[in-house]
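Take the given structure of chain A and dock chain B to it, following the hints.
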Amino acid sequence: MQEEDIYSELSSIRSLMERSAKFISLSGMSGIMAGIYALIGAFLGYKLVYGNSYDLDYRNNYVNDSEVLAKLFIIAAIVLICSLLTGVWLTIREAHKKGETAWNPVSRRLLISLSIPLITGGLFILILLLRGNYSIVAPACLIFYGLALISGSHYTLSAVKWLGCCEIILGLFAALFPGYGIIFWTLGFGILHIIYGSLMHFKYNQ
Amino acid sequence: MKILEQFDKAFENRLRLQIMSVLVANAHYDFNALKELLNATDGNLASHLKALEKEEYITVNKTFIGRKPNTQYSASATGRNAFKKHLEALENLIKQQKS
Numbered sequence: 002m003q004e005e006d007i008y009s010e011l012s013s014i015r016s017l018m019e020r021s022a023k024f025i026s027l028s029g030m031s032g033i034m035a036g037i038y039a040l041i042g043a044f045l046g047y048k049l050v051y052g053n054s055y056d057l058d059y060r061n062n063y064v065n066d067s068e069v070l071a072k073l074f075i076i077a078a079i080v081l082i083c084s085l086l087t088g089v090w091l092t093i094r095e096a097h098k099k100g101e102t103a104w105n106p107v108s109r110r111l112l113i114s115l116s117i118p119l120i121t122g123g124l125f126i127l128i129l130l131l132r133g134n135y136s137i138v139a140p141a142c143l144i145f146y147g148l149a150l151i152s153g154s155h156y157t158l159s160a161v162k163w164l165g166c167c168e169i170i171l172g173l174f175a176a177l178f179p180g181y182g183i184i185f186w187t188l189g190f191g192i193l194h195i196i197y198g199s200l201m202h203f204k205y206n207q
Numbered sequence: 019m020k021i022l023e024q025f026d027k028a029f030e031n032r033l034r035l036q037i038m039s040v041l042v043a044n045a046h047y048d049f050n051a052l053k054e055l056l057n058a059t060d061g062n063l064a065s066h067l068k069a070l071e072k073e074e075y076i077t078v079n080k081t082f083i084g085r086k087p088n089t090q091y092s093a094s095a096t097g098r099n100a101f102k103k104h105l106e107a108l109e110n111l112i113k114q115q116k117s
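First to last, the sequence lines map onto chains A and B. Mapping of the first sequence onto my numbering: position 53 corresponds to residue 54, and the numbering continues sequentially without gaps. Mapping of the second sequence onto my numbering: position 54 corresponds to residue 72, and the numbering continues sequentially without gaps.
For reference, chain A alone in the conformation it holds in the complex:
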């Protein structure tokens, strides 16, 4: 056996082990798009709550108007659905480009480990909303999302773990300063996603 043969054999084994255990067809672009949707959503939400005044003061009084709350809820739901659809579409496209299928045992495991914290968090937040506990919604979104990313990161790029850590830290800060909920929410879902997405895009698409 020639030396090059052994090298290529060893590296093909390594890549096979990685490919079989990690789903790496996540596209950085979907992170960027999710961030942009979140920024648009946050902007619309901000306008809705604060009107046209542009001062980001600490808020002691929370939103209580049920009509405004319903609108905020709809905006959040639209942002979530758009992000998910774009993410799924770009992932399937990316997988096809690599000649893989998007639906395989690894992506299934990734999906399961992501959804357990996400669905728990989603239901928890709905319960909080129903009980009129609005101030904890922004931190809970960030914290549960961060936990979901960390639990999913075992089956995908390890950078996802760091994104998750940042989301959790932001979530804890948001819990400390509930009046600035929308700012932390925008940072976590908007800015962080765009930064992460661009890093991934330039790292893997060039």
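Quick caveat, the hints were computed from the structure, so don't treat them as lab data. Yeah, the Cβ is synthetic: ideal placement off N, Cα and C, and Gly gets one too. Incorrect hints may appear among the rest.
Negatives, chain B to chain A, calculated, CB over 12 angstroms [unchecked claim]:
id	residue
1	27
2	45
3	52
4	60
5	80
6	84
7	94
8	96
9	99
Not the full set, but computed from the structure, chain B residues with beta-carbon under 7 angstroms of chain A [claimed, not checked]:
id	residue
10	33
11	36
12	39
13	40
14	43
15	51
16	55
17	110
18	112
19	115
Chain B in isolation, oriented as in the chain A frame:
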């Protein structure tokens, strides 16, 4: 050459080594997923899995999902050891050729 004796006969075939790599990296893997990942044909994959099973390098767990049979494979402790030894032998061969 002495190092060649350290190579595992069971891993002489490329597909068998590939199957083992996947099973070492994962707790378990099913037949269809292996087939897709390794681009192998049914018969080829089945015969090499059989050979690894005979060596007791892998364990087989047959279940049904609904009416469809689902066969899960996982690496045994013996198999993991043999795989590690085989890789070490490969590395040793490189080292020896360098010196």
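Cross-check of the supplied hints:
The claim that residue 27 (chain B) lies off the interface holds: its Cβ sits roughly 15 angstroms from the closest Cβ of chain A, which is beyond the 12 angstroms cut-off. With 12 angstroms as the threshold on Cβ separation, the claim that residue 45 (chain B) sits away from chain A is violated: the shortest Cβ distance comes to roughly 9 angstroms. Not every CB of chain A is more than 12 angstroms from the CB of residue 52 (chain B) (nearest about 9 angstroms), against its label as outside the interface. For residue 60 (chain B), the condition that its CB be more than 12 angstroms from all CB atoms of chain A holds, with the nearest at approximately 18 angstroms.
With a closest Cβ-Cβ approach of about 17 angstroms to chain A, residue 80 (chain B) is found to remain outside the 12 angstroms limit, as its non-interface label requires. No Cβ of chain A comes within 12 angstroms of the Cβ of residue 84 (chain B); the nearest lies about 17 angstroms off, and the non-interface call holds. With a cut of 12 angstroms on Cβ distances, residue 94 (chain B) stays outside the contact zone with chain A, its closest approach being about 17 angstroms. Look at residue 96 (chain B): its CB is around 19 angstroms from the nearest CB on chain A, clear of 12 angstroms, so calling it non-interface holds up.
Once the 12 angstroms rule is applied to beta carbons, residue 99 (chain B) is consistent with being away from chain A; the minimum gap is 16 angstroms. Here the hint on residue 33 (chain B) is broken, as its CB sits about 11 angstroms from the closest CB of chain A, past 7 angstroms. Contact between residue 36 (chain B) and chain A, as hinted, is supported at the beta carbon level, the nearest pair being about 6 angstroms apart and thus within 7 angstroms. Taken as an interface hint, residue 39 (chain B) checks out: its beta carbon lies about 5 angstroms from the nearest beta carbon of chain A, inside 7 angstroms.
For residue 40 (chain B), the interface hint holds, the least distance from its beta-carbon to any beta-carbon of chain A being 4 angstroms, beneath 7 angstroms. For residue 43 (chain B), the shortest C-beta to C-beta distance to chain A is roughly 4 angstroms, which falls under 7 angstroms, so the interface hint holds. For the restraint placing residue 51 (chain B) at the interface with chain A, the shortest Cβ-Cβ distance is roughly 5 angstroms, inside the 7 angstroms limit, so the hint holds. The restraint placing residue 55 (chain B) at the interface with chain A holds, with a minimum CB-CB distance near 6 angstroms, inside the 7 angstroms limit.
Because the beta carbon of residue 110 (chain B) sits about 10 angstroms from the nearest beta carbon in chain A, more than 7 angstroms, this interface hint is broken. About 6 angstroms separates the beta-carbon of residue 112 (chain B) from the nearest beta-carbon of chain A, less than 7 angstroms, and the hint is met. A distance limit of 7 angstroms between C-beta atoms decides the matter here; for residue 115 (chain B) the minimum to chain A is near 5 angstroms, and the interface restraint holds.
Violated hints, in rising order: 2, 3, 10 and 17; the structure is consistent with all others.
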